[in-house]
Amino acid sequence: RERDASRAQVQQLQEQLANSRPLPAGVSAAGDDSVEIGLTPDILQRMTECSKALSKTRKKRDFPDLAPVSDVKRLSCVGSHPTHQSTAPGILCIDVHKTDDTRIVTGGVDTQVIIFDAKKEKMAAKMVGHTKKVTTVVMHPTREVVLSASADNTARVWANTTGDWAGAYTCATVVRKHTAEVTDVSLHPLGDFFSTCSRDKSWALHDLTQGRVVRHVTDLAGGYTSLRFHPDGLILAGGCEDKTVNVWDIKEQKIVATLSGHEGEVDTLSFSENGYYLATGSRDGAVKIWDLRKPLNIQTLNVDGPVNSVRFDSTGQYLAVAANTLQVFNFETKSSLGLTCELKDHQGPVMGAVLGQNARTLASVSMDRTLKLFHIK
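Following my numbering, the numbering of the sequence shown begins with 1 at its first residue and continues without gaps.
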């Protein structure tokens, strides 16, 4: 017992040392991955207060600058950039900065994470460290930080230490909790926590500021292929290998709803900005829209080929769907989407697409090795 106690003391000191290293504000080097912090009362209180504040403002929001449907129909390709290596062709994932459409991050089959400056039309930074394909990339909205996940069973936190978003990034944390491909990463609205999910039948919550695991939920019924935070931050939706979507209560770490109906793995999902709707995409070629207040599948959109990505724009009015082609849909009524436009510029399956601010720009990536940029003409 004494030996165990002294070991624990040494471990605690090591963790304190690890967490005292100077890194950019709001990011810490990895602590001890084997010890869970747990969802402490402080973390839960912060998440609850964040949720209350967000849900209050959300119901009153108006988007006067949002591009009308007639404008979005005129989206046209203005740039095509082969940003990743040709020896391992294919760009698999993309994210665009929440308030700056010119900052784009992509992840490829070539294991690289690349930041692209759309204004200068050139690569700004390259992050090398993953050893297998990159499955997801996320750009932090308020810090110079990028999150990535990979088939190498890890997720990484990349921090910019130069003060210039287009400068060099270093790897601050490597998440090694998973034993199979890490399929998704999602950032909590607070900006201090993120989730990872894996085909190893588990998901985990991490503290970005401490570089540590908060909670690792294991031994689930099946592998997870996608996992995203609700805009209010108190529930998570996860797409599963068993063709269902599980909705998790974060406080209790319990499944509160299971959405069934897809006929293939649910590889992608996205919440609408108001938090009422969830879009899910599957290998079965179907995009399903769910009303979470009921919860019911209120619409199914059938597209060409497996659905690689679904993504609502920041207002929740438009939905970008990446499959064999790239399509944008819009809410024609409060509860049904219609096709806005279809873009056939890519020469291979479209793997990801993100609408920019007010739906005036669109960026997409494909197995054809290009990042394409679209503007309203």
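Be a bit skeptical, because a hint or two may be false.
As the list claims (entries may be wrong) - Distance condition first, Cα-Cα at most 30 Å in a straight line; then the derived DSBU-like pairs of lysine-lysine:
#1 K133 with K122
#2 K119 with K98
#3 K201 with K133
#4 K344 with K56
#5 K294 with K201
#6 K132 with K344
#7 K334 with K294
#8 K344 with K294
#9 K122 with K56
#10 K334 with K344
#11 K334 with K73
#12 K294 with K56
#13 K344 with K52
These aren't lab readings, by the way, just hints derived from the structure by calculation.
For each hint, the structure was consulted:
1. K133 with K122: The hint holds at about 22 Å.
2. K119 with K98: holds, 16 Å
3. K201 with K133: Holds - the C-alpha atoms of K133 and K201 are around 20 Å apart, at most 30 Å.
4. K344 with K56: Given that 30 Å is the threshold and the Cα spacing comes to 40 Å, the pair is violated.
5. K294 with K201: Satisfied, since the Cα-Cα distance of roughly 27 Å is no more than 30 Å.
6. K132 with K344: The hint holds at about 29 Å.
7. K334 with K294: holds, 15 Å
8. K344 with K294: With a Cα-Cα distance of about 36 Å, the restraint between K344 and K294 is violated, given a limit of 30 Å.
9. K122 with K56: Violated, at roughly 40 Å.
10. K334 with K344: At roughly 28 Å apart (the allowed maximum being 30 Å), K344 and K334 satisfy the hint.
11. K334 with K73: holds, 20 Å
12. K294 with K56: holds, 20 Å
13. K344 with K52: Distance of about 42 Å is beyond 30 Å: violated.
Consistency with the previously given hints fails for numbers 4, 8, 9, 13, ordered from lowest to highest.
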